[in-house]
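Protein chains: 2
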Amino acid sequence: MKAILLVAHGSRRKQSNDEVLSIAEKLRNNCLQQYDIVNAAFLELAEVLIPDGIKKCVNDGATSIIVLPYFLNSGRHVVEDIPNVVSDTAVHYPEIDIKIAPHLGASDLMVDLLATSADTAKSEIT
Amino acid sequence: MKAILLVAHGSRRKQSNDEVLSIAEKLRNNCLQQYDIVNAAFLELAEVLIPDGIKKCVNDGATSIIVLPYFLNSGRHVVEDIPNVVSDTAVHYPEIDIKIAPHLGASDLMVDLLATSADTAKSEIT
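Residue numbers (the numbering used here), protein chains in the order written: chain A, 1 to 126; chain B, 1 to 126.
Extracted from the complex, chain A is given alone in its bound form (with noise of 0.2 Å):
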């Protein structure tokens, strides 16, 4: 079984962190057919963290997860923090494939989001 977790920084603002629940959740229902399960984890600041995260995903059946950070840019967050827990983490379950996925800035879609995102403000300009 094929899990994503979407991983967000983490807000000590709860609406922030609904936000990433709520995200995840259009994901789910977006993706039933090519993902079984799909979570969401924190780096800090709210629970679950991310080893958490992955135990949920393993409980849950995963076979195989994708790590995706829910990140703009390739900070240290990205490219140290996200892959030093997640592998911290994988030694406990040495049979499950844990890949991490490209931050969001590093996107093809960005900028098509970036245009819709304006023209929506746009629309509204007489």
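Check each hint, because a few of them may be wrong.
Just so you know, same-sequence chains aren't split out, so a pair can sit in one copy or run between any two.
To be verified - Here are the simulated DSSO-like pairs of lysine-lysine, each with C-alpha atoms no more than 30 Å apart in a straight line:
#  : residue 1 : residue 2
1  : 14        : 55
2  : 99        : 122
3  : 99        : 26
4  : 2         : 99
5  : 26        : 122
6  : 56        : 99
7  : 56        : 14
8  : 56        : 122
9  : 14        : 99
10 : 122       : 2
11 : 55        : 122
12 : 55        : 2
Since the hints were derived computationally from the structure, they do not count as laboratory data. For clarity, every value in this text was computed on a predicted model and none was experimentally measured.
Given chain A, work out where chain B should sit, using these hints.
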């Protein structure tokens, strides 16, 4: 002339700021038909800051500006800080129509972008 001002948080890490400038350049090339000007600015920690970014758009000939927040969540920066700086700056340009677009996490395209990023990693799983 219509302008987009892409506004990111700004980082002490030059590479993160350069990634924003690179995204702005891609957006510029992608939106030549709809927008005459695409510039970038930062909320803090990096140059140019938002007031100078707006000034540059006006100097480039903009008659309307869409401020496009390069932020994932509707945190304090999106809800308070950017609107406050934009509105403080806008009083100097009463003839320019300035609108703020939604943050990126609010876009319907975000789920498609996430699914595509996951597929990038999935293709590496045997």
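Outcome of the hint check:
1. For the homomeric pair residue 14 and residue 55, the shortest alpha-carbon distance inside one copy (23 Å) is at most 30 Å, but the shortest distance between copies (35 Å) is not.
2. Within a single copy, residue 99 and residue 122 get their C-alpha atoms only as close as 39 Å, which misses the 30 Å cut-off; across copies the closest is 8 Å, which meets it.
3. In this homomeric assembly, residue 99 and residue 26 come within 30 Å of each other (Cα to Cα) both inside a single copy, at 21 Å, and across copies, at 28 Å.
4. For a Cα distance limit of 30 Å, the shortest separation of residue 2 from residue 99 inside one copy, 11 Å, qualifies, whereas the shortest one across copies, 42 Å, does not.
5. In the homo-oligomer, the alpha carbons of residue 26 and residue 122 lie at most 30 Å apart both inside one protomer (26 Å) and across protomers (19 Å), since each shortest distance falls under that limit.
6. For the homomeric pair residue 56 and residue 99, the shortest alpha-carbon distance inside one copy (16 Å) is at most 30 Å, but the shortest distance between copies (42 Å) is not.
7. In this assembly of identical chains, the alpha carbons of residue 56 and residue 14 lie at most 30 Å apart only when taken from the same copy (21 Å versus 36 Å across copies).
8. Taking the closest pair of Cα atoms, residue 56 and residue 122 come within 30 Å of each other only across two copies (19 Å); inside a single copy the shortest separation is 42 Å, beyond that limit.
9. In the homo-oligomer, the alpha carbons of residue 14 and residue 99 lie at most 30 Å apart both inside one protomer (28 Å) and across protomers (27 Å), since each shortest distance falls under that limit.
10. Taking the shortest Cα distances, residue 122 and residue 2 sit within 30 Å of each other only across copies (9 Å), while inside one copy they are farther apart (40 Å).
11. Proximity of residue 55 to residue 122 under the C-alpha cut-off of 30 Å is restricted to the inter-copy arrangement: shortest distance 19 Å between copies versus 44 Å within a copy.
12. Within a single copy, residue 55 and residue 2 get their C-alpha atoms as close as 14 Å, which meets the 30 Å cut-off; across copies the closest is 49 Å, which misses it.
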